[in-house]
Amino acid sequence: MNAIVKNTGQSEFESTVCHITASSDGPVIEIKDFNLWYGKAQALFNVTMNIEKGLVTALIGPSGCGKSTLLRSLNRMNDLIENLTIAGGMHLEGLPIYGPKVDVIGLRKRMGMVFQKPNPFPKSIYENVIYPLRVDGVRDRTVLAEACERALKGSALWDEVKDRLDDNALGLSGGQQQRLCIARAIASDPEVLLMDEPCSALDPIATSKIEELIDELKGHYTIVIVTHNMQQAARVSQNTAFMYLGRLIEYGDTEEIFTSPKLSRTQDYVTGRFG
Amino acid sequence: MKSGETMEAVAVKPTTGAITARRSYESSLSARGEPFLWGLGGALGFGVLLVVGFLVLVFWNGITTFWPKPIEVVTLLSGELVAGEPTRREAFKVGPERLASLPEAAKARIIADDHIARRVLLRTGNFDLYNDDYRWIEDYKIEKVETPSNLFFIERQEWGAFVGRIKSLSKDGAVISGDELTYAFLSSEQQEARQRFRAIKAIEKGEIGEVNFELNQERLKIRKAVLQHGEGAPETKRVEAEVEQAALAMKVRFEALALKSQEIKSQDSKILVTLADITGTEKVTPLSQIVRFYPANDLSLLDKVGIYLSRWSEFLTDDPREANTEGGVLPAIFGTFVMTLLMVVVVAPFGVVTALYLREYAKQGRLVSIVRISVNNLAGVPSIVYGVFGLGFFAYILGGSIDALFYPERLPNPTFGTGGLLWSALTLALLTVPVVIVATEEALAAVPKSMREGSLACGASKWQTIKNIVLPRAMPGIMTGLILAMARGAGEVAPLMLVGVVKLAPELPVDGFWPFVHLERSFMHLGFHIFDVGFQSRNSEAGKPMVFVTTLLLIALIALMNASAVIIRNRLKRKFMVGHF
Chain A
1 MNAIVKNTGQ SEFESTVCHI TASSDGPVIE IKDFNLWYGK AQALFNVTMN
51 IEKGLVTALI GPSGCGKSTL LRSLNRMNDL IENLTIAGGM HLEGLPIYGP
101 KVDVIGLRKR MGMVFQKPNP FPKSIYENVI YPLRVDGVRD RTVLAEACER
151 ALKGSALWDE VKDRLDDNAL GLSGGQQQRL CIARAIASDP EVLLMDEPCS
201 ALDPIATSKI EELIDELKGH YTIVIVTHNM QQAARVSQNT AFMYLGRLIE
251 YGDTEEIFTS PKLSRTQDYV TGRFG
Chain B
1001 MKSGETMEAV AVKPTTGAIT ARRSYESSLS ARGEPFLWGL GGALGFGVLL
1051 VVGFLVLVFW NGITTFWPKP IEVVTLLSGE LVAGEPTRRE AFKVGPERLA
1101 SLPEAAKARI IADDHIARRV LLRTGNFDLY NDDYRWIEDY KIEKVETPSN
1151 LFFIERQEWG AFVGRIKSLS KDGAVISGDE LTYAFLSSEQ QEARQRFRAI
1201 KAIEKGEIGE VNFELNQERL KIRKAVLQHG EGAPETKRVE AEVEQAALAM
1251 KVRFEALALK SQEIKSQDSK ILVTLADITG TEKVTPLSQI VRFYPANDLS
1301 LLDKVGIYLS RWSEFLTDDP REANTEGGVL PAIFGTFVMT LLMVVVVAPF
1351 GVVTALYLRE YAKQGRLVSI VRISVNNLAG VPSIVYGVFG LGFFAYILGG
1401 SIDALFYPER LPNPTFGTGG LLWSALTLAL LTVPVVIVAT EEALAAVPKS
1451 MREGSLACGA SKWQTIKNIV LPRAMPGIMT GLILAMARGA GEVAPLMLVG
1501 VVKLAPELPV DGFWPFVHLE RSFMHLGFHI FDVGFQSRNS EAGKPMVFVT
1551 TLLLIALIAL MNASAVIIRN RLKRKFMVGH F
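As given, the protein sequences belong to chains A and B, one line each in that order.
Each residue of the first sequence is one higher than the one before, starting from 1 at the first, in the working numbering.
Each residue of the second sequence is one higher than the one before, starting from 1001 at the first, in the working numbering.
Calculated from the structure, these hints are not laboratory results.
Note that the coordinates shown come from a computational prediction; the quantities given were computed from them, not determined experimentally.
There's no promise every hint is true.
Said to hold, decoys possible - Only some residues are given here: those of chain A computed to face chain B with a beta carbon under 10 Å:
#1 R72
#2 M111
#3 P120
#4 K123
#5 Y126
#6 G219
Unchecked claim - Simulated crosslink set (DMTMM-like; lysine to aspartate or glutamate; CA at most 20 Å straight-line):
#7 B:K1270 / B:E1210
#8 B:K1201 / B:E1158
#9 B:K1462 / A:E82
#10 B:K1363 / A:D33
#11 B:K1449 / A:D215
All C-beta atoms, glycine included, are put in the ideal place defined by N, C-alpha and C.
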């Protein structure tokens, strides 16, 4: 069910060509005319897109096109940056993400995040995984142990670390560390999983494990993944958004984006003619 | 081909003569940087040499001070006899006037030696007889030097050392002398006498001190009642009656104790020992006044080791005597340790909290920059200025207010309104807080951003992130700052002289009287002890060995405290700094 909507606009830079696979549950995040400035430099221009529930959405585009900025805007990680201005709206299941009374901490609890470089805390594996529960004040040991096991199984790390949960997490390999970070992100059972180039620091084997993992996690979680690797986007995602110079150029079904994009610029990028 | 340089270049890279070689392919000496390397290495070597030289000097002098030396008896050409421990030998230039007064033979020898003669410094002791502890003996005055046996080195409770023979012991009227007076017999008698001495001290300082303390507390109750209810008020009268009752009971206790100590004292005064110096001048003293005595020239190696160890144990565990130049330094060790610990306890949270606010919460702007610069400049303020501030603000203003509020009955005697342990620790905390703030800020800044983001993305609040992730990770760096602060604080003397360190404070800041820790008390400090013994005592020569031993001890104490902090830090480091990949 591909709906082709061409936004009214003057050029391909001003509007988004949209032909996504819609989820049966509808969108989980609705972004409407979102603009963002770092100081005086505008980084995002009128981004409008819906992120469909239970599907994997890939954000692709050349470096500096604003895909990481967009992703980090979703759980307000950009709040840490000074001199940041935003305009436009984002809603997480109806809740305005940038609303005046929104609880940022509560919002982040609903969206797990995995970063470019694995960033486990200098604590034991166990403590790393249950960290989101710890900060929620959960003390019950059985609850924590269950959550730890569930999250580690969910991130396909359980069999490798079940005998050494008390070891320091920094002793794991890079791929294991990244899967640990995914376990940490899903431990408190969020609705959305944001992944910012999760495989860019990993070798091909670790990358394929993470990709398998993403495949298993979809459906249960809505996943937004930023990637530079177009094959990866093609392999794991159902919808792909192509961004360029801070604008969302084309947003559509992954297969169509990679085989028959509507815009020549998208075609150029996905075929490697530029970017 | 203009110069040798181009010739060389040509030789290295054969080119045709037509092309002028513009570039040398051999790097010059300065380009390789070797002269700089030698300079850097030399600077390091020089620094290491200075430090090692200093440590060796202190260590060697400190470690050998307590080793028993033989006693030399020098017969001078004039027929005079001098006995003492040789302390130091040196060569010196004989002036023309002195040379003219010498006999011909000696004169000829000195002239042949380029006007250089040698002399030895003898520790003669017997200050009460000679008015001096040390005497220089020039070698041209000496007829012969002997080390006869049965010559004793005697350390006394008062008047310093005595060098000479033990003539006789009078015990309850009976005089023991000659062959009956063996070393073993003397030793056992002296042990008993020392036990009596300690018993007297325990009664006078301990038990009678306790009664006096309680009596004073009772008197203060009256003052308090007077201040509260006014003179002649019924409540005051009631308190007065109560205090009188209690004082009566205490008087009885006091008298019983005084009687007991008097008894031991009279017993003690019946055992006298007669000492004689090398010329035969006699001196009678109670046996209990002798701390330690040994026949200096008849000692086996084992005896010497025993004396050496007993002197060290006295040094580490006893109170000072003889204007601090002898005895122990326990109060100073204790004072230094407690003060430094207290300082760290104050400075650690204060500095860390300040740095946390500056780095994590404050909006980085001009104001924060000014604060940061001011903090850094605080580290450069001379420490005596902190001392003046500590005395003026902490002792007089803060302490004065505390006295007025909580101890009005003790005025005009100050309780907190004068220098003391607490004010010293606070002054040093102020002195060292910039170090902690700077180190903590650096450590906080070094925590990777990815870790903060990871924590925030998990739904942790900013404070939870700081508490769970940032602070533990920054802890090794913070510990480094604390170590630096501790090292600086423990070695600081100048400000302490104004805010609480004294020459002699036999009362430790921690004792058995409520509230057990007396932060208002003045205390002794090893650094000040060095200054006092070395430069304020009646005889700097007598204080010199103590200066070295005390310096050694102070260095050892600081090294010990730092080492424990370093061990803790490294343990933390191992925990948090495992390699990333």
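Evaluation of the provided hints:
1. Residue-level restraint check for R72 of chain A holds (minimum Cβ-Cβ distance to chain B is 9 Å; threshold 10 Å).
2. With a cut of 10 Å, the hint placing M111 of chain A at the interface with chain B holds, because the nearest CB-to-CB distance is about 8 Å.
3. Below 10 Å, beta-carbon pairs count as interface contacts, and P120 of chain A has one with chain B at about 8 Å; its hint therefore holds.
4. For the restraint placing K123 of chain A at the interface with chain B, the shortest Cβ-Cβ distance is roughly 8 Å, inside the 10 Å limit, so the hint holds.
5. The beta carbon of Y126 of chain A comes no nearer than 14 Å to any beta carbon in chain B, farther than 10 Å, and the hint placing it at the interface is violated.
6. Checking G219 of chain A against chain B: minimum C-beta separation of about 22 Å lies over 10 Å; hint violated.
7. A distance of roughly 29 Å separates the Cα atoms of K1270 of chain B and E1210 of chain B; the hinted pair therefore is violated under the 20 Å criterion.
8. The suggested pairing of K1201 of chain B with E1158 of chain B holds, with an alpha-carbon distance near 15 Å, which does not exceed 20 Å.
9. For the proposed pair K1462 of chain B and E82 of chain A, the alpha carbon gap of about 16 Å is at most 20 Å, so the pair holds.
10. A distance of roughly 31 Å separates the Cα atoms of K1363 of chain B and D33 of chain A; the hinted pair therefore is violated under the 20 Å criterion.
11. Between K1449 of chain B and D215 of chain A, the direct Cα distance comes to roughly 29 Å. Violation of the 20 Å bound is thereby established for this hinted pair.
Hint violations for this structure: numbers 5, 6, 7, 10, 11, all remaining hints satisfied.
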